[in-house]
Each structure stands twice: as C-alpha cells, then as structure tokens.
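Visitor: As they're listed, the protein sequences go chains A and B. For the record, in the first sequence the residue sitting at position 354 is 353 according to numbering that gives the first Met the number 0, with numbers rising by one throughout. For the record, in the second sequence the residue sitting at position 360 is 359 according to numbering that gives the first Met the number 0, with numbers rising by one throughout.
I should point out that these hints are in silico values taken from the structure, not numbers from a laboratory. Treat the hints with caution; some may be incorrect.
[As the list claims (entries may be wrong)] Okay, derived cross-link-like pairs now, DMTMM-like style, lysine to aspartate or glutamate, Cα gap no bigger than 20 Å in a straight line:
1. A:221 with B:259
2. A:59 with A:22
3. B:153 with A:22
[Said to hold, decoys possible] Over 12 Å on every C-beta distance to chain A, these chain B residues come out as not near it, computed from the model:
4. 83
5. 111
6. 114
7. 121
8. 186
9. 190
10. 192
11. 225
12. 245
13. 259
14. 310
15. 311
16. 314
Glycine is no exception: its CB is placed at the ideal position from the N, C-alpha and C atoms.
Number of protein chains: 2
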Amino acid sequence: MQSFELDKTDVSKLKHAISGDNELLKATLEEYHASEIAILFESISSEDRERIINLLAIEKASEVISEMSEESHPEELLLQLHPDKRTEIVEELDYDDATDIISQLEEHEQKEILEDLNEDDATNIRNLLTYDEETAGGLMNTEFIKINLNLTKKDAIDEIIRQSEEIEEFYTVFVVDDENNFKGIVSLKDIIKAKGNAKITQMVNSDVVYVRPETDQEEVAKLISQYNLTSIPVIDANMKLLGRVTFDDVIDVLEDENTEDILKISGVSEDEQLGGNWIEAVKSRLPWLILNLATAFLASAVIRHYESTIDRLAVLSAYMVIIAGMGGNAATQALAVTVRRISLYDLTDSQAYRTVLKEFTVGLINGGVTGLIVFMFAYFFDGNQMLGLVIFLAMTGNLIIAGVTGASIPLFLKRIGIDPAIASSIIITTFTDVFGFLLLLGLASKLLL
Amino acid sequence: MQSFELDKTDVSKLKHAISGDNELLKATLEEYHASEIAILFESISSEDRERIINLLAIEKASEVISEMSEESHPEELLLQLHPDKRTEIVEELDYDDATDIISQLEEHEQKEILEDLNEDDATNIRNLLTYDEETAGGLMNTEFIKINLNLTKKDAIDEIIRQSEEIEEFYTVFVVDDENNFKGIVSLKDIIKAKGNAKITQMVNSDVVYVRPETDQEEVAKLISQYNLTSIPVIDANMKLLGRVTFDDVIDVLEDENTEDILKISGVSEDEQLGGNWIEAVKSRLPWLILNLATAFLASAVIRHYESTIDRLAVLSAYMVIIAGMGGNAATQALAVTVRRISLYDLTDSQAYRTVLKEFTVGLINGGVTGLIVFMFAYFFDGNQMLGLVIFLAMTGNLIIAGVTGASIPLFLKRIGIDPAIASSIIITTFTDVFGFLLLLGLASKLLL
Chain A
0 MQSFELDKTD VSKLKHAISG DNELLKATLE EYHASEIAIL FESISSEDRE
50 RIINLLAIEK ASEVISEMSE ESHPEELLLQ LHPDKRTEIV EELDYDDATD
100 IISQLEEHEQ KEILEDLNED DATNIRNLLT YDEETAGGLM NTEFIKINLN
150 LTKKDAIDEI IRQSEEIEEF YTVFVVDDEN NFKGIVSLKD IIKAKGNAKI
200 TQMVNSDVVY VRPETDQEEV AKLISQYNLT SIPVIDANMK LLGRVTFDDV
250 IDVLEDENTE DILKISGVSE DEQLGGNWIE AVKSRLPWLI LNLATAFLAS
300 AVIRHYESTI DRLAVLSAYM VIIAGMGGNA ATQALAVTVR RISLYDLTDS
350 QAYRTVLKEF TVGLINGGVT GLIVFMFAYF FDGNQMLGLV IFLAMTGNLI
400 IAGVTGASIP LFLKRIGIDP AIASSIIITT FTDVFGFLLL LGLASKLLL
Chain B
0 MQSFELDKTD VSKLKHAISG DNELLKATLE EYHASEIAIL FESISSEDRE
50 RIINLLAIEK ASEVISEMSE ESHPEELLLQ LHPDKRTEIV EELDYDDATD
100 IISQLEEHEQ KEILEDLNED DATNIRNLLT YDEETAGGLM NTEFIKINLN
150 LTKKDAIDEI IRQSEEIEEF YTVFVVDDEN NFKGIVSLKD IIKAKGNAKI
200 TQMVNSDVVY VRPETDQEEV AKLISQYNLT SIPVIDANMK LLGRVTFDDV
250 IDVLEDENTE DILKISGVSE DEQLGGNWIE AVKSRLPWLI LNLATAFLAS
300 AVIRHYESTI DRLAVLSAYM VIIAGMGGNA ATQALAVTVR RISLYDLTDS
350 QAYRTVLKEF TVGLINGGVT GLIVFMFAYF FDGNQMLGLV IFLAMTGNLI
400 IAGVTGASIP LFLKRIGIDP AIASSIIITT FTDVFGFLLL LGLASKLLL
C-alpha cells in the first residue's frame, strides 16, 4: 500500500459508495484500512456510520470503532447498534479501548452494555473503569504475553505462540514467578537465540522501568519517551503485574497534553473539544473572558485615575494602546517559551533563576529597540522630544515587566504544584496593561504637564 | 528498577560523586541509566561531561550522547573528546543518531570526524547527511533486519539471529527479493508460528504503509501514530529499501512540532531554542515585536483620527482598552482552538465553513454577555445610558470579528499552503485592535457627540 492520508478523492469515492447499494459499499470499504474508515466517520451521518459498521466483519468493525477520535463519539455509535452486534464488537475490542469508550456513557448505559458481555470481559472492563482515565491504570491494557520464570526455552515458545492467538500485537514478553510477581521482561529474540535447554530465568532482564496504576499519564508518557520503550509494565504495590501501557497510547496522550497546553495558554478551558459545538465553546471560554473583563477594569481604573492627564494631552491615548499591545505580546512570547520548557524538562532552581534573568535582559533590549523607534516617531511626527522620552521609558519598562512576569509566574505556579499553563495570556497581559498604563501616564503627568 | 525521574536527591548524589575521585564517580554512574546521565549533563560543566564520558564504557558513553537533548549540544562534547575516543563512540552510535549530531557541526569539523571512521560507517553517515533533517530520510536509521523472500523458516531464523548481533532493537523484519526490492514485512512471531518447511513468501505481509525519503517528518509522525506502527520502512522510487523510522524518533518529532506550534502561535520564531541564551531570544522575538509595532501604529492611527472625539469624552479611552483587550483575548482563544484542530485533523471544506460559523456564534454570545456587563457599569458608574449602548455594540461587534478572524485566517493560510500557526496572536490582535477602536470611536462620534 502506498502511504497516504484519506484525501478528497478517497472521501468522494467512499461517499459515492455510501449512496449506492450494500454490495458496492462493502467492496469499496475493503480497499480501506480501519483507521481510514474512522476518519471518514468524522464527516458522515450517524445512520451511515451504523450501516457501515453492520456491513463490516466484526474484527474490522471493532478496529474502526477503536480508531474513532473522542470527538466523533464512538460511544454514541455503540448505543445505536443492535445489542447483539454491540456485544460482539465490545468483546472483540481490547479492554483498554472498550473501557475508554464505555467510560463516556451514563452509568445505566454502561450497565446495560456490561450485562450482555461474557463474565470474563465484563469483569476486566469493570476493573479498568475504576481507574482514573488519566493514569497508567486508565491507559493500560490487561492483555499481554506473560510466561513463568521457570519455563524452558521450548515451553516458553509454545506458551508464547498459544497466548499470541489472543493477543495480536506484542513487543515484549513479561515474566512472572509462581505467585504472579513481576520478575522482568524478556524479548522473543533472546528466547530464540538461547541454547536449547536454557531456562527463562537465565535470560530475564529484571532492570526494567515500571509504573504503578495511579501514576499520572504524563509521567508514563515521559518514561516511555525517555527510555524509548514499546511498552511499560503496570505493577501494583505487591509487585503483581496488572497490565501494560504501549507506545501508541502514549503518542495519543502526548497529543492530548499538547492540546491542553496550547488551549490553556490561550485562555481556553482544557476540556473544550476541538470540534465541539458553540455551546461547549461558550461554556469553556466565557468564564475566562469574564475574568479578563475584571482585570481589564483594573487597567481602565488606572486610565481613569489619569483622566485629567489624557484630557490635557489626548495623543497619549494613541501611545497607550501601543505600549499595552507590545507589552502583551512580549509577555506572551516569554510565557510560551517558559511554559513549553517547563512541560518538557524539569528545571533546577538555578535554571529557573537564570530563565527569569534571561527574560529580563531580553525585555530590556527588545524594549529599548522598539522604544527607540517610537521615540523617533514621537519626535518627528508629534514634534515632542519629551513625549518621546516618556514613551521610550514606558516601553522599555513594560517589556522588562512583560519578560519577568511571563517567565516567573509559570515557574512560580509549577513550584507550588499548579499547572503552569494556567498562567494564560489573559493573566499575564493584565500585568503588562496595568504597569504599561501606570508607567506611561504616571511619567507623562510628572514630566509633560 | 523503580520508575523515577532524575530527582533532586539523585542530582546531588551524582554531583557529590563528581566532586570525588574517579572510583566513586564510576561506581555511582553505574546506578544510572544512560538517559538519566544525559539529563544530568544539562546541569554540569563541559569538563565534567568529558570526564564522565571518559569513565564510561564505550557502549554506555555513546548511549548517553545519543540521549542528550539538542539543547545540551552533544556535538560540542564530541569535539572536546580525544579523537580516538570520539571515533570509538561515533562508530558505536546508530547511524541516524550519529548523523543528527554531526550535522550540527561546521563542514570542516564534520570532515575531520568522518575521516577517522571506518569506510562503511563513514559512507553511511555521509549518505544520511545529504537528506533534509526534517524528512523521513533525515530521521531514518539504516540498520534493520532484512531477509530474503525465498528463505525457509529455519534459515530465516538463523539469519535474523545473525543480523540481530549488530542491531539491538528491532520490532519488524523487512522482506526483500533477490534484487533488494522491498516486498513487505513479517513478524518474528509469525515466523516462529509457521510450519517447519514454510517459506517467508507465504508469511509476508505486503499491505504495508511506507514513506519516501523526502516525506516530511510531520507526515511520517502522522502515519506512525495513525496506524500504530513501531517502525515504518523508507523506500525509494525504485522500491529499494533505504531504512526505517522508528516510533521513538516520532515521539521526539511530535514534541518538536508541538513546541513549534505553541511558539509560533505566540509570536516566537519556531527555531528559538527553549533553553537558548538572551541573544538567540532577542533575534527570534524582536522581528515579531517590530511587526507588532507596525500594526500597533495602525491601531493608534485610528485613535488619532478620532482624537477630537476622545478630547470631548476622555472616559472613552478607559473603555477603549477594555474593548481592545477583550477582542485580543477572544481572538487568541479562537485561534488556538482552530490552529490545534488543523494540526491534528484535515478539515473538509464544509467543516471549515462550520468552524467559522461556530466562532461567529461564540463571538456573538460572549460579546453580548460581556458587553452587557460593561453596559451596566457605564450606566450605573458613569450614569450614561447612551455610552453604555455604544460600548455594548462595540464589544459584541469586536468579539464577532475576533472569532471570525481567529478561525478564518489560519484556515485560509492552510488552504494556500502556509503554516496556519504563523497566524500568531500578533497578527490576529491587529484586527481586533483596529476594528475595536473603529467600532467604539466611530459609534461614539455618531451617537454621543
């Protein structure tokens, strides 16, 4: 298969097939990978989704459902299906995927689905539902290849082949003792390379990174990424092996965490669905805008305080917006660099200190340069040298404040255990607005009037 | 090993060991994984780094160097080392890692290092250096397990064991024909499960996603993430197998792309190093601030145009900053959601249209609600009903403009093939500043004076 995304030609081909009979649709669907059909689902009606799922073999149908993005609401599609079909599909899903989807439903709907499942699947999914979605327990899959420490090479290979009938994808074989205590991992390659009479205990690698079920997903992602792992075992406090988190789950976590960061820094609640409707968007953004309004009143109180100054020199209001706008943008720059740096690395105290110092210097220089440009404008255009000086000082001062607050507020929040991305541009620009106006109007009232 | 980050206790233990003799340091280093030592390197002097590398076994030393972040400049460490040590380390590195590091050096330094290597390694790295760093060719590793289509099960296993002496990590076995044309993949599991006399040709999976060396790294990352692949083959136009890109490279790419997005949207050049010094930061941010200054002059020209209006009603300048500030933040919200959505999904035309419509509605409602709050303030505090009405209208209008531009500008840029994240808050807030002032002051001059 040539590599491709689902491009426009594919989409119209598929949509054409949807408008045709089942035979054509079925034949067309066979040309596409489950994850591509899942992308198609983002732009077709729920009736068409249901029809397609019913046309697909159970295995592919469940793959499509597991590949659907949260935004496309696979749980709603599950509810639409005939209960028998639904049960078949859920039983085919990996436990972690089934749990993710079912967890989005109301309790009575969850109960209805779980009651129809076979005992074993229902118990596994019920257990997984008890973990917080954003922890290793919530991410982990409870299906994995597990062999006993005392097996010989030959028995181990037989056992792996037997277990792999059920588990399609595995990258690592987990090793336990007779009491099911986790003892380490072994690769299929090492087993094959071993001498004929070798035992697993001679090949097991016990120096393995693992996590507890309550470990935060961001931590799990960092470990998988740092140690380049295909999967990481999840172990309880008694050293029992509970499951594994695989690299593909972690890629999704990283994308989610990055979405959260970019939204929070822009003053949008982290739980706004990117493709959500306007009601969700209003709910997620209005509180932040009202907070911003409160802080804007603060900035405007500064202006009211100096109303007589502006009355006597109306051109100040034209410069006011330049100083405030530049401060806001410089603060956003410092904020973005610092938040991203905190989220990728753990900064030491001295690194944090040097970051603030660096932003001070950057603010001084960028403020000085842009302040000089505005000075020249005021000098040549407004013919007022003293006004130019006031603006120069206000610009430099405000860009220093912008840099220092943009860097130190997220660092401070991280220190006291609050997500630094919450120091959104909304919070930061309050500082630069208030201080920008205070500097400009305060200096103007002293030096110009 | 218990899962952990390199916490403060570890860092001080290691730093204590650094201040001690080689014996203590060597013993302490043995307790830590290469990737942990790479983290330590971020906060110690270059002399200490060199000393540690010289104390470690070649294999671990090369692992440490390959795990060092770009920010810590592993290429500088390489240059510091004794040429013999350096050659040993470079020969131990995977070709893709060696190429990444060497590519950061000046041409004469590259030449010096490559000349000391054995012929085979030097040729491989020279070839890799010709690919753009941000393509599949730049990311790929040329070491992989490759077997002939016509091998029997037994010969294939022998061949895999032989090749895996050289290649520690592999997740998939690549299959080629006698002319080295790529024919598909086969998993070790399937080979083991096959009957004794089976040939690889009966087990090979030829329906495989692959990329060309010139494929952009973002596209490679999307494919690996979409199809949950541990590795993806890189094939040239003649179907020859050139290399493979593995999931761990892609995790790094995703983090880099996300850093770029968050920086660009905040008006910082994508190539600013997060931990860079103030000179780099000034170079990366000053051009954006000067652009912002130019647009701020535009907004302030609007104010100058209405200077007589402000002269007669100075309180308007207090409301001006509220309208502009709210518009800027609402635009940033719409921008962040839209940019992130574009970067994760390919939107169809109708989805793009509905996105803009949604942001119009969100702007109307959020503008109406916050406009009403400001209306009441003007009514009760300034006792001016008509002023309140003007502000209400300006706020609502500006938040609609904020939503529509915040969504449509990145969508438009994507359409014409420009990175949508470049529609940074700096560009977007120009619109809301200019239109906010035009609305408020224009309406005020008509209705209030």
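Visitor: Are the hints correct? Go through all of them and say.
Guide: Going through the hints against the structure:
no. : hint             : result
1   : A:221 with B:259 : holds (19 Å)
2   : A:59 with A:22   : holds (17 Å)
3   : B:153 with A:22  : violated (43 Å)
4   : 83               : holds (28 Å)
5   : 111              : holds (30 Å)
6   : 114              : holds (31 Å)
7   : 121              : holds (26 Å)
8   : 186              : violated (9 Å)
9   : 190              : violated (9 Å)
10  : 192              : violated (5 Å)
11  : 225              : violated (5 Å)
12  : 245              : violated (8 Å)
13  : 259              : violated (10 Å)
14  : 310              : violated (5 Å)
15  : 311              : violated (9 Å)
16  : 314              : violated (7 Å)
Comparing the model with each earlier hint shows violations of hints 3, 8, 9, 10, 11, 12, 13, 14, 15, 16; every other hint is respected.
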